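Residues per chain, in single letters:
2 protein chains.
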Amino acid sequence: MKIIKVNLRERSYNIIVGNNIISKLGRHLKRMRVGSDAYVITNPLVKNKCGSALQETLKKSGFKLKFKLVADTEKSKSIENLSSVIRDLANFDKKRKVFVIAFGGGVVGDLAGFVASIYKRGVPLVQIPTTLLAQVDSAIGGKTAVDLKEGKNLVGTFYQPRLVLSDTTLLKSLSRRQLSCGMAEVIKYAVIKDRELFAYLEKHYKDVLALEPAALEYVISRCSRIKAEIVSRDEKEKKGLRTILNFGHTIGHAIEAAAGYTKYNHAEAVALGMIAALKISQEAGLLNNAVLEKILSLIAKSGLPVRIKGISAQAIINAHYRDKKFSGRKNMFVLLEGIGRTKIAQDVPLHLIKQAVNYANNRRELPSF
Amino acid sequence: MKIIKVNLRERSYNIIVGNNIISKLGRHLKRMRVGSDAYVITNPLVKNKCGSALQETLKKSGFKLKFKLVADTEKSKSIENLSSVIRDLANFDKKRKVFVIAFGGGVVGDLAGFVASIYKRGVPLVQIPTTLLAQVDSAIGGKTAVDLKEGKNLVGTFYQPRLVLSDTTLLKSLSRRQLSCGMAEVIKYAVIKDRELFAYLEKHYKDVLALEPAALEYVISRCSRIKAEIVSRDEKEKKGLRTILNFGHTIGHAIEAAAGYTKYNHAEAVALGMIAALKISQEAGLLNNAVLEKILSLIAKSGLPVRIKGISAQAIINAHYRDKKFSGRKNMFVLLEGIGRTKIAQDVPLHLIKQAVNYANNRRELPSF
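Chains as they are written, first to last, in the numbering used here: chain L, 7 to 375; chain Z, 7 to 375.
Source of the hints: derived by calculation from the structure; they are not laboratory data. A couple of the hints might just be wrong.
The list cannot tell twin chains apart, which means a pair is met if one copy fits it or any two copies do.
To be verified - DSSO-like mimics (lysine-lysine), calculated; alpha carbons at most 30 Å apart, straight line:
1) K155 <-> K244
2) K178 <-> K70
3) K11 <-> K178
4) K30 <-> K244
5) K81 <-> K126
6) K65 <-> K103
7) K269 <-> K126
8) K11 <-> K72
9) K8 <-> K53
10) K315 <-> K81
11) K55 <-> K178
12) K269 <-> K81
13) K100 <-> K242
14) K300 <-> K158
15) K65 <-> K244
16) K66 <-> K8
17) K269 <-> K100
18) K349 <-> K101
19) K101 <-> K72
20) K100 <-> K244
21) K11 <-> K245
22) K178 <-> K300
23) K360 <-> K100
24) K103 <-> K242
25) K245 <-> K103
26) K155 <-> K53
27) K65 <-> K269
28) K126 <-> K242
29) K349 <-> K103
30) K315 <-> K336
From a predicted model like this one, the values you see are computed outputs, not experimental measurements.
Required output: the full structure, derived from the provided sequences and hints.
Below you can see the structure in the form of structure tokens.
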């Protein structure tokens with residue numbers, strides 16, 4: 007078991023990473039005095055596969071609990087669903103002290119975090135991420151969100167949880183695709199911040215994908231520490247320190263948009279976006295080809311797409327420029343100078359972007375693991 | 007013109023109080039770099055009477071602006087209306103940097119504050135309160151809220167504005183009843199915290215009600231300073247320092263509920279609740295009768311109700327106990343030991359509460375001014 011502290015003065019909290027640690031949750035929460043009644047927002051699959059373990063530890067420590075099921079799709083983050091969840095919470099909250107548990111992946115974490123942040127101007131929030139992606143990324147850092155028809159994540163708050171508990175046994179319910187998506191995020195951390203983690207992944211990626219507990223604990227705690235450090239220094243994304251976390255996102259967003267948010271999910275699009283960013287880095291003379299190939303190979307071996315299929319390069323370029331226009335800023339790329347060394351570039355010229363998108367679009371699939 | 011600072015570290019801001027100061031708003035906002043596009047949430051009456059002054063100063067300093075009209079009723083604080091306002095804001099927010107102006111009374115301030123706090127995880131907020139009540143109370147302190155069917159103000163955030171501008175000329179649009187409601191809050195501050203203000207009010211209440219600029223500036227800045235000091239020391243109501251601001255609220259809430267939120271508005275119910283709290287203070291031997299009568303007289307002369315009409319004492323007592331049950335706490339009263347000296351009392355016995363409610367219920371109306 008590893009404990010990582012997120013340092014945010016009076017809003018500081020621990021991330022606990024380990025194997026089968028959910029059984030200790032009740033005792034942790036009791037000691038922390040988060041409240042008496044747990045409102046657990048989750049999805050049917052997670053409840054079905056992991057709900058009894060959560061129920062058991064909470065009941066044992068004397069907590070009352072209610073599971074609130076939401077669909078495991080982006081639709082759960084609509085304002086209409088938000089309103090229905092929060093009214094249900096108000097009806098559950100009668101006499102004692104209520105708190106919210108986010109028990110699921112990114113959708114559940116974003117929604118439950120937002121609910122906790124606005125109900126009665128904020129009630130305690132506990133994050134129990136059940137996907138690799140949420141454990142290494144979205145459950146940490148306090149970004150909450152719901153969607154408008156006008157755009158994803160347009161409504162939200164910065165609201166820190168009181169505890170993040172990442173139990174590696176919860177990942178058993180994941181599909182291979184979901185696991186690969188988590189790997190995209192893990193590879194991103196390694197590439198932008200952690201040579202040692204990158205070397206470990208090159209050697210042990212199979213152990214991670216096979217859910218080997220020690221490998222998972224190492225990788226998740228390592229990534230959590232990176233995220234925790236960045237969040238501690240730039241809680242509300244005002245100092246630009248969180249910017250490097252957007253590695254792969256500039257073109258990634260454009261790929262998602264050009265594909266209509268169906269073909270590739272966010273993590274897969276970011277994996278492809280990382281490849282484009284690496285190509286730009288190489289063409290700009292920042293990165294040598296051997297490193298590019300090493301990273302590409304790890305992405306492929308993790309079961310992630312390394313070639314954009316069925317979307318024209320022009321459609322991606324167009325989506326990129328629409329996005330740029332909307333944000334009112336010049337384009338911005340996180341580039342790489344070597345494993346663990348990033349460089350922020352603004353106003354990357356169009357021909358370089360085109361070249362990079364074409365590269366990701368035309369290259370033949372690398373052998374998968 | 008008076009400037010009062012609310013000290014909240016990186017969230018500190020100024021309250022500016024004065025006569026015809028709205029003409030300087032554009033320059034203030036430009037210097038503060040709050041953004042380029044002002045999304046002004048207001049109601050039809052305020053826009054009609056005071057909108058052109060706001061438009062002029064903003065245009066002059068190069069701001070783009072849009073007025074978003076909402077009804078001047080509690081219904082504007084529904085989740086449905088919130089959703090419609092925030093979608094409209096997303097459509098307004100295209101290329102440049104948007105910020106929100108709350109231009110109205112309590113309803114507009116609560117709604118606009120909440121919108122600003124959750125749109126894109128927070129955009130800058132400027133409060134321009136146009137009622138006496140909002141200028142001395144609700145625009146200061148960062149409490150934002152919307153309603154659920156399950157209860158008023160159940161959803162909200164703590165979110166500090168970047169500036170509060172209280173222009174006394176904006177009060178011209180107020181009805182006599184609205185002005186009296188502001189006076190209820192002003193009297194509350196004087197009674198719980200400020201002997202000097204109380205003495206001033208006894209002498210000059212007519213000047214305040216006649217909207218005499220110097221009297222308004224004195225009274226509003228004095229109240230703002232009290233609120234600012236309390237908020238600075240207890241931003242999120244965690245230390246109990248904000249508790250004394252609930253003077254009159256315990257029975258006030260019960261009167262509102264028993265009357266079905268129609269007969270008396272919040273401020274009037276609080277005025278009646280103050281009378282009940284004063285009577286409890288007197289019966290408990292904390293307060294002498296002369297002081298009680300002095301305060302009562304000022305309440306009456308300000309045009310506020312001093313006798314509960316058409317609601318039985320029993321209905322109020324019942325509502326009080328329902329409220330108490332819902333909150334899961336023992337009853338709590340802010341009592342008075344003298345002008346400026348409060349005492350928090352818990353578990354006030356039922357017979358004392360009954361006696362106080364009967365007192366406010368049966369007493370003959372005092373002569374009005």
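Q) Going back to the hint list, which numbers does this structure go against? A) Failing hints, ascending: 14, 27.
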